[in-house]
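K.L.:
One letter stands for each residue in the lines below.
Protein chains: 2
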Amino acid sequence: MTAEVDPSGSATSPAGFKAAATYCGIKEAGDGVLDLGVLVSDVRCTAAAVFTKNRLNSAPIDLDRAKLVDGRAQAIILTSGIANSSTGQRGVDDAEQMAAWAAERTGIASADVLVSSTGVIGHFLEMDKLEAGMGSLKPSADGGVAFARSMMTTDTVPKHGSIRFGDYTLGGCAKGSGMIHPNMATMLAYLTTDAPVDAAFLRDELRLAVDLSFNMLSIDGDTSPSDTVVLMANGVAGGETINASANAADEFRAALQVLCTYLAREMTRDAEGATRLITINVTGAAEETEARQLVREISTSYLVKTAVNGADPNWGRIVAVVGRSAVAIVEESVHVDICGTRVFANREPAAFNETVLSDAMRSDEVVIDVHLGAGDAAATGWGCDLTAEYVHINADYHT
Amino acid sequence: MTAEVDPSGSATSPAGFKAAATYCGIKEAGDGVLDLGVLVSDVRCTAAAVFTKNRLNSAPIDLDRAKLVDGRAQAIILTSGIANSSTGQRGVDDAEQMAAWAAERTGIASADVLVSSTGVIGHFLEMDKLEAGMGSLKPSADGGVAFARSMMTTDTVPKHGSIRFGDYTLGGCAKGSGMIHPNMATMLAYLTTDAPVDAAFLRDELRLAVDLSFNMLSIDGDTSPSDTVVLMANGVAGGETINASANAADEFRAALQVLCTYLAREMTRDAEGATRLITINVTGAAEETEARQLVREISTSYLVKTAVNGADPNWGRIVAVVGRSAVAIVEESVHVDICGTRVFANREPAAFNETVLSDAMRSDEVVIDVHLGAGDAAATGWGCDLTAEYVHINADYHT
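Line order of the protein sequences matches chains A and B. Count along the first sequence starting at 1, add 1325, and that's the number in the working numbering. Count along the second sequence starting at 1, add 1325, and that's the number in the working numbering.
Excised from the complex, chain A in its bound form (with noise of 0.2 Å):
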């Protein structure tokens, strides 16, 4: 049985991890702001990371994905605030400089130092108040909950957690609370563990733990150009190198799941403006790709998410994303539940007391379930609901 998340738990929880973070000027300044952090291990590790898929994407990422090419990293450089994207060449040397500077001080290869930007699209990173700033990164062991933090950008709280399995410990912050709709990863997560973990298994793992946790959120149906999911793996605690056929593998892997499906749950309910956490399970699929794409196609729709914010079981509106989607159905089969009540089945309206399961959708969290009665394949997934409040930040974010 795998062990629960420990909330208070985060990249740092690890043996030999230490982060720090500082403000520096980029992001407004308020109470707690960070916008500049570290992540070091205090050796090198195996690493993997799974990138965005939006090909305009931001200049960090192409300089991980190529430090990345020999499965090693031993530290992490973030700024918040700009996401040096659609910077053109200026945008790849700023990114370059912030690794050396992060190199030079912590004393580790530039080549295993990756970069991440989160923020404004367009904008230029103010190279400056970057380079003040990083004299003042202490990492220590401690410093896990303030790097999470220098992550946030309209994020109302910080996304961290650790979980044990063995011997070992894993551990990670995730931030995103907008243009959150992950193709192959979710706007920024960092996970550690204490574990030798072999290079190819860990890319494997961590591919697989994404699709079934930040690739199954939206908040709003828009991919990042700076989604980043990293897991270092440094083997401080000792043992044998987990690789596939290890005893270990499972356990690793069970945590791997639990850790990145907290920390993409935990995103949802940050979502911008978001009052509710939905989470939609599919079921009688005749495909799993098509139960995922039906997960996603009702966690973006306006009206599902406007029917949710307003606690109204106008199931109406999810028969119609049903109908519209491409998946396999068959219809007469097809049934619909919201928190537990049958609201469609046999092609006509069940019968249930709209006032009742209207009271029951006014909480933190409302499930729906689809069947789609043409195979035995099941997805899940997470969005949260639409609101004025959505709207407000996001009509007033940039200017």
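Be a bit skeptical, because a hint or two may be false.
Identical copies look the same in the list; a pair holds intra-copy or inter-copy alike.
Under the rule of at most 20 Å between Cα atoms (straight-line distance), these lysine to aspartate or glutamate pairs were calculated in the DMTMM-like manner [unchecked claim]: (1) K1463 to E1673; (2) K1352 to E1456; (3) K1378 to D1529; (4) K1454 to E1679; (5) K1352 to E1451; (6) K1352 to D1721; (7) K1454 to E1353; (8) K1378 to E1656; (9) K1378 to E1353; (10) K1454 to D1356; (11) K1463 to D1701; (12) K1463 to D1367; (13) K1378 to E1657; (14) K1378 to D1536; (15) K1378 to D1453; (16) K1352 to D1453; (17) K1454 to D1418; (18) K1463 to E1429.
Hints in this document: simulated from the structure, not taken from any laboratory. Since we're looking at a predicted model, the values are computed, not measured.
Chain B: place on chain A using the hints.
P.N.:
Then chain B, alone, in the frame of chain A:
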């Protein structure tokens, strides 16, 4: 040269068409509220229609599809407030009963009476109210605007118009302000002409015009199960039958496209909660299908829609959509203009005055031009801004 649309025209502007509307009690009562309408031609028409691709479509859609196999129709009976969708066999029976009542009162064969319903999904029609309402429908040549009003749900204004071509008139009306992301058709639109038009030619031209107009607008990415566009040609104005090789073919085609585009833009202006029309021109695409796809991806982006709402020239969000899209691009040739101002080119921000551009965006229409540099194909489409009012309308629509 094609004439302009007369905004005071309607589906009864062409000779030989009459319409009427009344309030029968399906919608909530209110000043000038109508919820039952009928449109009739003095003589049997050639007719074509384009329906929703939503597979869980409303009961009337199946009925109308069958009635139009012969390419002929003479009347339309419609209700608003309840969509008669996801209502099983009872829904089909109710739609057939509506057609039978209308046939009886107008003396038209039931097989030539089309039926439409628009409104909430998953509720049954109140047939006693409809039967009572039928008695007060007295079609007349000036009933076209009342008919357009009887289609409205969350619409705030009726949308109708007419246009002259040669010796003929083409008229029509449309409804729709939410759940609008038409797929082969839009919510509801009825078009009439007194020209004699060949049935097959009518069908081909309607499909083409719909693809260039209604299918290029998106209000919220959701496809209604009731989407219907019907075009009826009664030939009352005389002359040779218009087919693909007729002299009047080009005039007819142009008039149809102009009127459909006019109605599509009017629908977008009246979109739920919207304050600005967004016109999106994609040029330099490798294929027209790709240009069309990107127009719709931009018009459905929550973040582009909220930026326009805030008059925020946050062009990075447009570039992010281009990047996540699957359309072919030549990255160094991509450029983006907002309201005629170049904001992104050569992979870098273009220099522009944000305050001046933001002021320009505070107008009824915001034009976004995206050039992909990958070919010569282009497409134009329409969307609207996303507002807090949209959320309020849709959080409270059902209960």
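K.L.:
Now look at each hint and say whether the structure bears it out.
P.N.:
Against the structure, the hints:
Neither within a single protomer nor between protomers do K1463 and E1673 lie at most 20 Å apart by alpha-carbon distance, with minima of 63 Å and 34 Å respectively. In this homomeric assembly, K1352 and E1456 come within 20 Å of each other (Cα to Cα) only inside a single copy, at 15 Å, whereas the closest approach across copies is 64 Å. Taking the shortest Cα distances, K1378 and D1529 sit within 20 Å of each other inside one copy (17 Å), while across copies they are farther apart (39 Å). Taking the shortest Cα distances, K1454 and E1679 never come within 20 Å of each other, neither inside one copy (56 Å) nor across copies (23 Å).
For a Cα distance limit of 20 Å, the shortest separation of K1352 from E1451 inside one copy, 11 Å, qualifies, whereas the shortest one across copies, 58 Å, does not. Taking the closest pair of Cα atoms, K1352 and D1721 come within 20 Å of each other only inside a single copy of the chain (15 Å); across copies the shortest separation is 37 Å, beyond that limit. Only within a single protomer do K1454 and E1353 lie at most 20 Å apart by alpha-carbon distance; the minimum there is 13 Å, versus 60 Å between protomers. In this assembly of identical chains, K1378 and E1656 lie within 20 Å of each other by CA distance solely across copies; the values are 15 Å between and 34 Å within a copy.
Taking the shortest alpha-carbon separations for K1378 and E1353, neither the intra-copy value of 29 Å nor the inter-copy value of 48 Å comes in at or below 20 Å. When the C-alpha separation of K1454 and D1356 is checked against a cutoff of 20 Å, the pair qualifies only within one copy, where the shortest distance is 19 Å, while the shortest distance between copies is 61 Å. For a Cα distance limit of 20 Å, the shortest separation of K1463 from D1701 qualifies neither inside one copy, at 52 Å, nor across copies, at 55 Å. Taking identical chains as interchangeable, the C-alpha atoms of K1463 and D1367 lie at most 20 Å apart only when both belong to the same chain, with a minimum of 14 Å there against 86 Å between chains.
For a Cα distance limit of 20 Å, the shortest separation of K1378 from E1657 across copies, 18 Å, qualifies, whereas the shortest one inside one copy, 37 Å, does not. Within a single copy, K1378 and D1536 get their C-alpha atoms as close as 13 Å, which meets the 20 Å cut-off; across copies the closest is 30 Å, which misses it. For a Cα distance limit of 20 Å, the shortest separation of K1378 from D1453 qualifies neither inside one copy, at 31 Å, nor across copies, at 55 Å. Taking identical chains as interchangeable, the C-alpha atoms of K1352 and D1453 lie at most 20 Å apart only when both belong to the same chain, with a minimum of 14 Å there against 63 Å between chains.
In the homo-oligomer, the alpha carbons of K1454 and D1418 lie at most 20 Å apart inside one protomer (16 Å), although the nearest pairing across protomers, at 71 Å, exceeds that limit. In the homo-oligomer, the alpha carbons of K1463 and E1429 lie at most 20 Å apart inside one protomer (13 Å), although the nearest pairing across protomers, at 86 Å, exceeds that limit.
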